[in-house]
Amino acid sequence: MNKLMTALLGASLLSTPVYAQSAWTGSDDQPNSPLACTGESAAPEPGEYNGGTPTNAPDRKGKDITVVDIPKLVGVGYFASTAEGMQEAAKELGNITINTDGPTRANIDEQITFVDNYITSGVDGILFAANDPVAIAPVLKKALDAGINVVGYDADAEADARQWFVNQALPNGVAKSMMDQLVSEIGEDGSFAIVTSTFTTPNQARWIAEMQAYTEKCYPNLTFLETVEAQEDNILSFNQAQTLINKYGEELDGILGMTSVATPAAAEAVQQNGLCGKVAVVGLALPNAMKPYINGDCITSTILWNTVDLGYAAAQVMRQVADGSLQPGATSVEAGRLGELQIVNQSQVLLGAPKVFTKDDINDFDF
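So the sequence shown is numbered by UniProt numbering: it starts at 1 and just counts up by one.
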């Protein structure tokens with residue numbers, strides 16, 4: 001962990017406490033589909049296309065195109081690595097220019113403003129990771145109405161507000177990986193709490209809803225204490241983890257981090273409180289951020305997908321959408337070095353299953 005991060009986390013101990021919020025299980029009015037408790041489950045059939053269509057889009061096949069990437073926020077490692085993958089794809093393809101730009105905090109109003117500004121300035125394509133699936137939909141539909149190609153990744157919008165969404169992992173797959181790993185560390189009758197970004201962040205809401213459903217099905221004796229928000233902010237994430245530690249004491253067996261910021265911040269809180277080996281931290285985070293805690297035997301694992309591959313896949317899909325080679329009804333798409341990726345859930349391109357990184361292999365990865 002760099003000196004600035006250490007200083008911020010240390011200073012946060014002196015700041016005003018952030019109090020835990022009411023329990024929340026990710027309810028988003030969508031049906032849950034928990035996977036089998038043991039063995040593998042088949043991926044869903046693609047289904048009928050439900051994405052949007054740009055109005056009077058010009059012929060872009062094979063032509064140079066300019067694309068803007070607007071993630072939830074800039075300045076964090078997660079989206080820096082997705083942007084890296086996009087640049088790799090752009091260099092490989094040779095006829096797509098991608099510029100990453102966006103808010104410095106996970107704020108949906110600011111993100112909408114960025115999208116709107118690029119519609120006005122004129123681009124061929126917009127890549128996005130939504131802070132709120134409903135709130136961002138009107139401005140994305142405005143982009144489609146302007147003939148702009150729109151592809152999401154990481155966090156989706158309403159389906160008809162974009163053409164395709166590159167899904168890093170199916171929500172029920174994330175849920176199974178997270179809960180199975182947590183149980184392997186705290187047992188089937190342990191107690192845990194969650195640190196997420198916001199209650200409106202679409203991918204995290206869906207993951208948590210599926211985690212709750214999977215827990216009820218496969219680990220009914222687990223105790224789900226509560227979920228707190230931390231805005232994908234380092235200090236706030238640390239403070240929320242500290243609040244959970246103080247509030248629940250020995251009752252708290254594990255913390256689940258739903259963001260690449262929350263998970264290492266929770267690990268830092270566990271380490272600073274001398275609770276290594278007593279409170280497990282399981283969550284989604286970049287391997288590089290978790291190496292100090294895993295290599296130092298404070299934390300056992302971290303879970304993620306290859307974020308560079310996620311950005312790379314999103315850029316490949318955008319190119320094929322612009323070329324007209326990815327059409328509604330497709331069952332797969334060729335994605336450069338990633339090979340053939342499966343179409344699922346009507347208009348989603350599936351990157352693959354999550355990976356659990358441990359001390360055995362985490363040093364083999366550099367992102």
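These aren't lab readings, by the way, just hints derived from the structure by calculation.
There could be a bad hint or two in this list.
Stated by the list, open to error - The list that follows gives simulated cross-link-like pairs (lysine to any residue, SDA-like), each with its CA atoms no further than 20 Å apart: (1) Lys291 <-> Ile362; (2) Lys91 <-> Cys276; (3) Lys355 <-> Ser184; (4) Lys355 <-> Glu340; (5) Lys278 <-> Glu185.
Claimed, not checked - So the derived label-pair ranges between C-beta atoms look like this: (6) Gln342 <-> Asp64: 28 to 36 Å; (7) Ala353 <-> Thr223: 48 to 56 Å; (8) Asn221 <-> Ser121: 49 to 57 Å; (9) Gly94 <-> Glu251: 34 to 42 Å; (10) Thr120 <-> Lys91: 24 to 32 Å; (11) Glu188 <-> Thr331: 34 to 42 Å.
Heads up, the beta-carbon is just placed ideally off N, CA and C, and yes, glycines get one too.
Lys355 paired with Ser184 [C-alpha distance capped at 20 Å]: Status holds; Cα separation ~15 Å.
Pair hint Lys278 and Glu185, alpha-carbon separation not exceeding 20 Å: Holds: Lys278 and Glu185 sit about 10 Å apart, inside 20 Å.
Asn221 versus Ser121 beta-carbon gap, inside 49 to 57 Å or not: 55 Å, holds
C-beta pair Gly94, Glu251: status relative to the range 34 to 42 Å that was hinted: Given range 34 to 42 Å: violated, Cβ gap about 57 Å.
Distance restraint hint 34 to 42 Å, applied to the beta-carbon atoms of Glu188 and Thr331: Given a distance of about 38 Å, which is inside 34 to 42 Å, the answer is holds.
Outcome of range test on Cβ distance (Ala353, Thr223; 48 to 56 Å): Violated: the Cβ-Cβ distance is about 27 Å, outside 48 to 56 Å.
Pair hint outcome, Lys91 versus Cys276 [Cα-Cα no greater than 20 Å]: 43 Å, violated
Range agreement (Cβ of Asp64 with Cβ of Gln342, hint 28 to 36 Å): 29 Å, holds
20 Å Cα cutoff - pair Lys291, Ile362: Holds - the C-alpha atoms of Ile362 and Lys291 are around 7 Å apart, at most 20 Å.
Lys355 paired with Glu340 [C-alpha distance capped at 20 Å]: Holds, at about 19 Å.
Range agreement (Cβ of Lys91 with Cβ of Thr120, hint 24 to 32 Å): About 28 Å separates the Cβ atoms of Thr120 and Lys91, which means 24 to 32 Å holds.
Of the hints listed earlier, those the structure fails to meet are numbers 2, 7 and 9, in rising order.
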